[in-house]
Amino acid sequence: MWNLDYTIPTFLILTVILIYYITRPRIKIRMNRTFITLIFVNLATMVSDYIATTMDISHASYSISLLYIANMLFFFFYVLRSYLFYRFTVDALAIHPRICSPVELTGFAVIFVSQLLVLVSPWLHTVFSIDNLGYHSGPAYPMMTVHFLYFVIISILLLLTKGKDLSFFRFTSILAYNMILLLGIFIRLILPHVLLMDLFTLLAIIISFLSFQNPTNYLEERTRFFNQQAFETAVHEMIASHKSYQILGFILKNYTDNRILYGNTQMDSGLNAIAGYLRQNYPKFTYFYLGSGRFILQAPESADLKEVQENLLSRFHRSWNGNNAKLYLQVGFITVNSRQSFDSDEQFLDCLHSTFRQADNITRNNCLVIDEEHKKAREHYLDMKRSVENAIKKSDVLVYLQPIIDASTGKLAGAEALARLKDPKLGMIMPSEFISLAEENGSILTMGEQIFRKACEFMVYYGKQISLPWINVNLSPIQCLDHNLPEEFYNIIKEYSLTPDQIRLEITEEENIDHNLLQQQIHSMEEKGFSFILDDYGTGYSNIDRIKKLSFHHIKMDKSIVWEYFKKPDDILPLTVQMFRSLGMSVTAEGVETAEMAEELTKMGCTHLQGYYYAKPMPMEQFYETTISKKGEHYETSLYRDR
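Using the working numbering, you'd call the opening residue of the sequence shown number 1 and step up by one each time.
These are calculated hints, taken from the structure and not from any lab test. Zero decoy hints are in this set.
Label pairs and their computed distance ranges (CB to CB):
no., residue 1, residue 2, range
1, Leu313, Thr106, 49 to 57 Å
2, Ser344, Leu313, 26 to 34 Å
3, Arg224, Lys567, 53 to 61 Å
For every residue, glycine included, the Cβ atom is placed at its ideal position computed from N, Cα and C.
Use the sequences and the hints to build the structure in full.
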């Protein structure tokens with residue numbers, strides 16, 4: 001006889017999980033639908049198993065037809081349950097069904113054969129038979145175990161082959177509930193009269209619930225909207241299934257500053273107020289809050305997003321009530337072209353987050369659209385990012401040299417080292433494109449050291465041959481924040497048996513740099529013999545007070561103010577040059593393109609000249625060959641220009 005002691009407690013526990021799950025907000029994705037279907041089918045399996053077993057025990061009290069119906073219902077749900085566990089594994093691994101099509105077809109064949117064997121049992125007695133003596137297992141009964149075993153094994157194989165990118169926690173969770181099901185199958189074979197399989201399926205569902213399906217894991221606490229994890233899950237399914245979508249996003253501008261201004265409590269109250277407004281006015285939308293003031297609205301196809309945007313913009317023109325305070329918040333909007341296709345969810349999310357950053361910085365209330373043009377721009381950005389990473393990893397950063405001319409003699413005074421990257425796909429990449437990328441990911445420190453070393457190598461091997469007194473190397477403001485920089489550069493200089501005055505350092509001041517730290521760094525490196533040039537004067541944030549405090553002895557006038565002077569002459573540039581000269585500083589004019597410019601800038605008092613009139617930046621080898629061939633000659637005849 002059968003032991004039913006575990007059935008009712010298992011049923012009650014599963015019912016509690018179901019009630020908790022269906023009363024919480026859930027995103028509309030395939031995995032959630034599979035999970036809730038699995039719970040209902042598992043409950044149906046348990047109920048039908050209990051009813052059929054009870055009737056089989058008292059078979060004399062029921063007709064044979066009714067006994068057949070009760071047992072067939074149980075086997076129907078039992079077979080379906082095994083498939084749904086497999087189906088949940090596929091969804092948890094974020095695999096689109098079509099990728100598993102051969103497995104799917106085989107699985108459907110297994111289900112079809114199993115259900116067919118159950119269906120014909122009343123006549124052919126395949127899976128079971130019932131007579132006056134009661135219930136009997138048929139010759140095809142082991143098929144009920146085989147099909148379940150098949151789906152569990154396939155699930156484990158899919159995990160091992162497709163789950164490499166999962167977190168350790170999720171990987172072990174999927175493995176754990178499948179191993180529990182596997183154990184349950186073997187226990188069922190060993191103890192067929194004890195109804196323990198339902199207990200093992202309950203344990204598997206509990207692990208699935210805690211690891212993947214607990215609704216609180218997908219909710220943001222302050223707004224009670226779905227969070228970043230929920231959005232990424234929804235995006236993955238949206239991209240993989242090529243579903244149509246309508247998405248409107250907005251960002252609270254200057255979010256971090258506003259949290260400082262209003263305080264965390266007030267801003268959290270403001271987020272809650274915004275969430276309440278959205279729920280009240282657009283109840284059919286699905287909402288996500290991604291943090292840092294970023295909201296996503298997933299709208300029904302019938303919604304007019306332009307009208308929604310206008311309504312939201314109008315609402316943001318008024319204050320939001322915080323905790324005993326009024327919050328005045330500005331907002332920027334983004335949307336996704338619904339016809340735009342994406343190669344992956346990573347590409348979609350990258351475009352989304354980059355557009356949010358743009359929306360945070362623009363002053364207009366335009367809605368930025370993620371379209372093909374934006375997608376291509378991001379692809380180019382990512383290609384450059386990979387190119388920078390590869391070049392730094394392989395130390396393939398190219399160093400070009402541009403001559404700096406002594407204005408009084410017309411002879412070579414020095415050179416500036418300028419970084420270049422050459423990529424097989426992108427071609428030559430200029431510093432204006434890749435320096436900011438290197439600063440973003442912190443690789444500028446390594447890149448800066450590589451450029452510094454290559455400049456030192458050139459000075460060691462070729463400096464004396466071409467009578468090159470010094471090379472200017474550009475320093476990123478990020479490099480200046482590195483407390484180890486003075487010692488590292490000094491050690492490199494000593495490694496190459498050079499003196500610090502042979503490698504001079506150019507730096508551009510920026511608004512957000514720590515000026516006290518910069519002053520300390522410059523002072524520390526000057527003590528070791530390095531000299532500093534203030535680069536791009538006229539475009540940065542430098543003023544006379546800072547220049548005096550930072551002890552700059554060399555100033556480079558940015559080419560933009562040089563060009564502006566020759567377009568529309570005035571007294572600003574001449575007076576600026578005279579002022580620096582009167583303070584004992586040397587002045588280099590960048591952007592010299594004609595003999596007339598060189599002559600006028602020399603008369604103005606500039607001590608050094610640099611620009612395309614003399615030469616474009618060129619590879620180190622070309623610089624050496626060109627210079628050695630005309631060593632000691634005057635360069636105002638555009639020596640390098642023809643090379």
